[in-house]
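Asker: As you go down the protein sequences, you meet chains A and B in turn. Those letters in the first sequence? Residues 1143 to 1517, per my numbering, in order. Those letters in the second sequence? Residues 1143 to 1517, per my numbering, in order.
Quick caveat, the hints were computed from the structure, so don't treat them as lab data. Incorrect hints may appear among the rest.
Any copy, or any two copies together, can satisfy a pair, since identical chains are not distinguished.
[Stated by the list, open to error] Derived DSS-like pairs (lysine-lysine); straight-line CA-CA distance at most 27 Å:
#1 1455 with 1198
#2 1434 with 1224
#3 1439 with 1339
#4 1300 with 1162
Number of protein chains: 2
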Amino acid sequence: MTLKFEIIAECSHTGARLGKITTPRGEFETPFFMPVGTMGAVKAVHPSDLDLLGFKVILSNAFHLYLRPGHEIVNRVGGIHKFTGFQNGILTDSGGYQVFSLSDFRKITDEGVDFKSPIDGSMHFFSPQKVMEIQTALGSDFVMPLDECPSSVEDKTKVEMAVNRTIEWAKQSKVAFETLKQDHQSLFGIVQGGIYKDLRIECLDAINDIGFPAIALGGFAVGEDQHLMLDTIHELPALLPREKPRYLMGLGYPGDIVKTVALGMDMFDCVLPTRLGRTASAVTSTGRLNMKNSEYKDDPRPLDENCDCYVCKTYPRALVSHLAKQDNISGLMLLTYHNLAFYGRLMRDIRESLRRGEFKNFFDDYLNKVLIPGV
Amino acid sequence: MTLKFEIIAECSHTGARLGKITTPRGEFETPFFMPVGTMGAVKAVHPSDLDLLGFKVILSNAFHLYLRPGHEIVNRVGGIHKFTGFQNGILTDSGGYQVFSLSDFRKITDEGVDFKSPIDGSMHFFSPQKVMEIQTALGSDFVMPLDECPSSVEDKTKVEMAVNRTIEWAKQSKVAFETLKQDHQSLFGIVQGGIYKDLRIECLDAINDIGFPAIALGGFAVGEDQHLMLDTIHELPALLPREKPRYLMGLGYPGDIVKTVALGMDMFDCVLPTRLGRTASAVTSTGRLNMKNSEYKDDPRPLDENCDCYVCKTYPRALVSHLAKQDNISGLMLLTYHNLAFYGRLMRDIRESLRRGEFKNFFDDYLNKVLIPGV
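Looking at chain A on its own, in the form it has when it is part of the complex (with noise of 0.2 Å):
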């Protein structure tokens, strides 16, 4: 089966939407947000954890599984589920995103892109179609197709090359998904187009007649000015069917997910609670705290005190600091575990105020008040 999308409520203030994605692998309430695990695991937390935070489906990448430890050996093991242990959804990105990021080596044509691995320089070639073949290996739920995801600074020419070989390989991709899917596992569509809104449209067009269960936004968050990013994207929604999950690539400030959110998405993923929680800053209700500064070395208070989060509940702090500044790992999971759960609480709260009716409150509450530059 492919996947099942219905509306469960909408806002009637803004354009936001409560739904559920059932899958064989079970019912996904949008909106939700994926924690990244590229290399099939969320770093520096339990994946037993993840369920607890209220997060259903994750992230990893079909780029970093090819590479290591190869799709085959997921495959052999039982596929990514079993492989990571992470029994709810997985969503697989096609890795196009990483290859076309590589600064070594890397060139496109029609056909594919050739890169050069950054772990042993071997040569490698991912066409629309071997991509496939790596995620229908893998047996991720919710599978990429390889798309061409421009820089936003480029100029509107390279930008429509890279939107035409988006819809060309998404057609590729499609027939190739159709012969070598498992039967649990749904193809999106990927839209492209940069900060262009004709071509966001064209390309959304294209994407639409060709047919997917479900609809991502791809090449925003990737450098362009973030109100440039929401403006393009503020009259794509509309033209998206409604009812097909929408998922915004990439993009993960929780006031950009909850504006966003207001728009009509469904889907976020990021890697910003996860990195921040390695690079020893907490999101927190009041702003982001850097703690390795000095002042949390002796602050006995929780790192947000409007959180109820197991690590807000029992360590001050200054045992956060004390262990952030020294790089030991438990400062790490502390501060991952807290972030996971800011964002795990910040999309319930969202989902909760949409089966409320109250989401337009909540969003100007967010907005108005909580709302702290940077977070």
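Based on the hints, put chain B in the right spot on chain A.
Answerer: Just chain B, lined up with the frame of chain A:
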């Protein structure tokens, strides 16, 4: 109150005993093993998981907490339990062993030890009194006096000097502790003497005469031959007061724990399970596994097929191997968790066999069938 100790059951074939230490913080059944969190946190494991794994007492280190963040800071935050978030028992080692192990600079006199901070090169002085000031400020439940722990290969004259200092310092420590202590704290006596039985007995008699509610054997597992160590330990427990807990410091091979429990030892600590976890080794019932070895890359089995811990129930060796090869924090977390689960179960099995009067069978089985070299 000082700690209370009662014996619940004794093995009729060996010196092993099941006991219970009662403190204001709770009851701790012996024999128990203390995971080591020198900095106030056991690395790579959530403190809340320690409880689940059966560890009611952890070991921390006065020397490390004195240097960072400073015992005054820990005190200001509310003491070591509030600081670390660990609400069960905490034993603090004096740090003498760490100071004497400093390669850069340390000078021992009858008054104490001058040393250079390995962190910033600043000069410090530890006297028996100072070490009591630090630990009473920290507020740990079990306090260790400053002792001199000579290398196990030192000649007898040097070890004799160390024994005399240890005895003299024990007297001074007791006086200082009685003045400074918080009500819940108990001071242990430490017996030194290297591999020289007559010095051990001399030291033990003196420590008994001074009077402590619990006795530690220090200076083992510091480089001597294992048979020599066990041979030296062999006669000591019979000379220790039956009604006091006996702590064998720093000893941690599972086989050695089983052997010395049989000699009547009650408390253990060692960095082994956690350090091995962070260096990619799994302690299992069939031996130690180096998870960086490529043979595990597509192994679908759990780390230990005889283990019922969460890691073994959830993850294949293939994942742990994949993560360990990249020194991914999550890999070290999974290995640390499993290794601690192994130790937690070992101690539980020891206690249960004592409760059922079957320790001798357990002992024979363990040493004849289960014990693997290096485990």
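Asker: Work down the list of hints and note, for each, if the structure agrees.
Answerer: Here is what the structure says about each hint:
In this assembly of identical chains, the alpha carbons of residue 1455 and residue 1198 lie at most 27 Å apart whether taken from the same copy (23 Å) or from different copies (19 Å). For a Cα distance limit of 27 Å, the shortest separation of residue 1434 from residue 1224 across copies, 20 Å, qualifies, whereas the shortest one inside one copy, 37 Å, does not. For the identical chains of this complex, residue 1439 and residue 1339 are neighbours neither inside a copy (49 Å) nor across copies (46 Å), given an alpha-carbon limit of 27 Å. Taking the shortest Cα distances, residue 1300 and residue 1162 never come within 27 Å of each other, neither inside one copy (37 Å) nor across copies (74 Å).
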